[in-house]
Structure formats: C-alpha cells, structure tokens
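Colleague: Please put together the full structure from these sequences, using the hints given.
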Amino acid sequence: MVNDVDVSSDDDDGSDISNYDIDLIDHSPFPNDCQNEVQGIEFLCQYFMHRYNACPTFLIGSLEEACQEAFSSIIIKERRPVLVYIHHDKNLLTNRFCWNILCSEMIIDYLLENYIVWPWDITFESNRNILIKIWNKIFPSQTSIDFSLEQCPMLIGIMRESLYKKDSSSTSEYEFTVLFKNETLTSTEETFSLKSILNELSIFKEECDDNEQALSFDLIKKTDLSWEVIIEICKYLSLNDAINAFSSNILFFLRKLKAKVHIDDLSETFINTILRKIKSNQIISLRLNSDESKLYMISNYLSLFNNVISLNLVNLEIIQQISEYEIYFPKLTCLSLCYNNEIGFNLLQNVLSYLPKSIRRFEIHCAGVLCTHYDIDEFNIESIYNFNIEYFLLDIGQFQLTSAKECYQHYESCFFNTIYDLIQWMRRIQCFRLITNKYNVKKLLDIDYWKNFLYKCNSLNKITLQMIGGILDDDEIQEKVRELQLEFYCIRPAIKFQIVYM
1 MVNDVDVSSD
11 DDDGSDISNY
21 DIDLIDHSPF
31 PNDCQNEVQG
41 IEFLCQYFMH
51 RYNACPTFLI
61 GSLEEACQEA
71 FSSIIIKERR
81 PVLVYIHHDK
91 NLLTNRFCWN
101 ILCSEMIIDY
111 LLENYIVWPW
121 DITFESNRNI
131 LIKIWNKIFP
141 SQTSIDFSLE
151 QCPMLIGIMR
161 ESLYKKDSSS
171 TSEYEFTVLF
181 KNETLTSTEE
191 TFSLKSILNE
201 LSIFKEECDD
211 NEQALSFDLI
221 KKTDLSWEVI
231 IEICKYLSLN
241 DAINAFSSNI
251 LFFLRKLKAK
261 VHIDDLSETF
271 INTILRKIKS
281 NQIISLRLNS
291 DESKLYMISN
301 YLSLFNNVIS
311 LNLVNLEIIQ
321 QISEYEIYFP
331 KLTCLSLCYN
341 NEIGFNLLQN
351 VLSYLPKSIR
361 RFEIHCAGVL
371 CTHYDIDEFN
381 IESIYNFNIE
391 YFLLDIGQFQ
401 LTSAKECYQH
411 YESCFFNTIY
421 DLIQWMRRIQ
431 CFRLITNKYN
441 VKKLLDIDYW
451 KNFLYKCNSL
461 NKITLQMIGG
471 ILDDDEIQEK
481 VRELQLEFYC
491 IRPAIKFQIV
501 YM
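In terms of full-length UniProt numbering, the sequence shown is residues 1 to 502.
Worth flagging that the hints you see were computed from the coordinates, not collected in a lab.
A few of these clues could be false.
As the list claims (entries may be wrong) - Here are the in silico distance ranges between beta carbons for each label pair:
hint, residue 1, residue 2, range
1, Arg276, Val500, 51 to 57 angstroms
2, Ser148, Glu189, 17 to 23 angstroms
3, Glu125, Asn272, 47 to 53 angstroms
Said to hold, decoys possible - Calculated cross-link-like contacts (lysine-lysine; reagent style DSS-like; alpha-carbon spacing at most 27 angstroms):
hint, residue 1, residue 2
4, Lys480, Lys462
5, Lys256, Lys222
6, Lys195, Lys235
Since we're looking at a predicted model, the values are computed, not measured.
Even glycine gets a Cβ: it sits at the ideal position worked out from N, Cα and C.
Modeller: Structure, rendered in structure tokens:
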C-alpha cells in the first residue's frame, strides 16, 4: 500500500531553521531496533511533516514490496524504478538536503509521477544493521554498500536486472545504482543542486525504461545468440550498423557496459536519438561526409564528442578544414581520408602541412594517386616534413581509373616514386602498409627502389604490402620476395617486410 500523505509546499527553502520549534522535532526519525518496516516508515512520514512541512510519497511496506509495486504492471510504460532514500539524522548535510531537495515541491511531484520511493533511517546502529540484512536478502550476489554516517544522505536507484547480467549464477531479480551520497552525485562527482538531482533522476528513469523495453524484447531469444557474442559482434560494427542489426535496444546495453563506439554517419536526428541513450564520451570514432551543407547542420554538436580519437573524412576538398577538427576533437590521434576518385599528389602534400601534431596514424583510401606527370609545378613545391606520423596506410585497392593506370603502365618507376615522394616527408614513420593490386605489387619487388627509402626513414621497422586479387604463385616472384627480405635484413636487421593477401 502506498502512503497517501498530503504534501504541501513551503516558500521557505529551509536555509534558516534557527527559529523552528526544536522540542517538536527532538526525536529520532525511526524507533530504535525497528523490526516493523510499516511502523518505521509511518514514523518517518510524521517526522518529515513535523520538521520539513512536507514529505515525499513513501511506500509504506518492505523494500521487497516496493520492488514488486514498481515493476508489477503488465503495461511497460507504467513500470517505475525504485528510489531508496537513506536518512541519518546526525549527518550535518541531512537537514539541508531534505529542506532544499527531497521535500521541495518540484522533487515531490517528480517522484510521485516517476518513482516508487522507499526510505530507511540509520540514525540508530541497530537500524543500520537491519538495513544491511534487508539489502543482502534482495541483492545477495552484488557488491555491498557502505551504509555509514559519512555517506548519508543517500539516493539509490533500483531497476530489474539487465539481460546482459543474467546468467546461471545470478540470484537477484534486481540491480542497484548509487545515484547520490553525502553531497556528491556519483556519476559526475559534482555537488548536488536541485537541477542536478532532477537530471540524475531523469537519466536513471530513462535507463530503467530502456531496460524494461529490452527485457520485453529479449535480444537473446530473438537472435539465438549469447550476450557475450552480441557484444563481441558490436565491437566490429559501427553504432549505425549495430542498431540495424539488433534494434535500438542495443544502446541501453552499450551504455551499461560503457562500451566504446564508432559512428558511421552523423545526422541531427541520429545525434539527438543516441545522446539520450548513451554517453557522448563513449563515442571515440566518427566518419563524416565532407558535404558542407551536412557539416553545417551538425557543427553545433561536434564539440560534444570530445573523446573522439579517430576521424574518417570522406571526399574532403578544403584541406584547411583539418585544422578546425583539431578544435572539436582534442584527443584525435588517427585521421583517415577517403576519396571515391583519384587524388592529386599536391593535395596529399598539402594535407601534411595541416595535420594536427597529435596525429600518429594517417590513412588514405582512394582510387589512385596522380603522380607528378599530371602537375608540372609539382617539383617546385617545397617539401613539408612531418615528425609525428608513426603509421601510414595507403589504400588504392579499389578499381583504378584510366589516368593513373595508364601512367603506371608507361612509366614503370612512377608508382614507386609517387609512394616514395609521399613517405619521405614522414621522418618518424615506423610502419607503412600499402593495399593495392597484384600488378602494382610486382613493381615494388626491386631493392634499388627501397634503398633511399630506408635511408630517409630511419625509424621505419615494418613494411606490409597487402595484395588484392590472387597470390604470387610465380616461382621467380617468390624468389624475389625472399631476396628482398634478405636485402632488407642486411640494410636494417630490425625491419620486417611481408606480403599478405586479401
């Protein structure tokens, strides 16, 4: 049965209670050694009304009954989380918290609509011990809570146990989260205020709603996969693809697991949807289309993703924009540029001058790199050295267009020279990976091409040629590979040269 206490508001915020009738409130909120939960909570309701002139709607009964009341409705939207309030009358913060927060009209109204509230007082040590027994009965396999004077006042949210936590060893129907203790919000570690408490309660309520939706959907039954497999699959999918594969219910579990995610396509609608489901600091990788109109629409949101370490830009034409992304993403260490067509050699050279110093991994994916034959001024451009890139990936594995293909066929050295001219500016590169076709790989099996390359790049210790379209089954070619590996070893013993196949 739920308490029907008539709650009234008071214009006094409780900051000054010096004139209050101390005799009226000079008793403990709970009887000593309170074995009767109904009696104790009724006593606490009277205490609140006498001291604070208001009282949240407490459930009069056991914590187990509160949980049953919260989640018993067959209508999902009518289910509510349980909010446990732990009171200690000797804690100096308790009065201020109750006056300004718990007994404010706004909080009382919000809790009435959105929570089942169950209180307990631990002013007496005997009642603290009773609470511990109650807690251990409902949460036998979960981490215990420090119910002490120093931790009060406390707010603890309870929801039904998430699907991803359910296993054969689980013995509890519910799980809890400490939302607030002493004077600090657990999630943000900021000091409490009416606004911050309401926000925290709202977030937990939304998590509980998502959990109830997920429990009714049950991804495990729908997919016939275990949670371990589902989460492992999500590691290799963008957030967009994970939602398409498992529905938006997956967002709740990714948030609970604090999983790091990659977003493949950003739109204003998508941003507003996911930010209500997962935390922005979980997003560590973005793929952005460089269409100016689309970028303008989402530009106000980019600063929210300040935990991004990897950025993929598609068809970027205005190279100067790269330096702007450094402002949005201060932790950026990996940059990838993707082009549907061939790109000019001069464009890549200019890119190096705008790369943030934080970039350690740099990738280019395109149909081909137009060599210096296509730009007569190319040799007049002053070289710009980069001392930060450690890993460089050049992917020209997709079908090459006629221009670059014809050039490489007529000028055998063009392909290697183009690569060499790119990498020679990366003075601290440690790893180079090239993805290309079998025809181009054959051109790179001459040690004379590589000698200057190695002398210029003193830190280079790994070269990988990733070949598309068959394997090098020619005996002569296989022998060239072995000779090349031996020559590399003679020049620099620590270097590793390999060819892999796709």
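Colleague: Could you tell me which of the numbered hints above are not met by this structure, giving the numbers in increasing order?
Modeller: 1, 6
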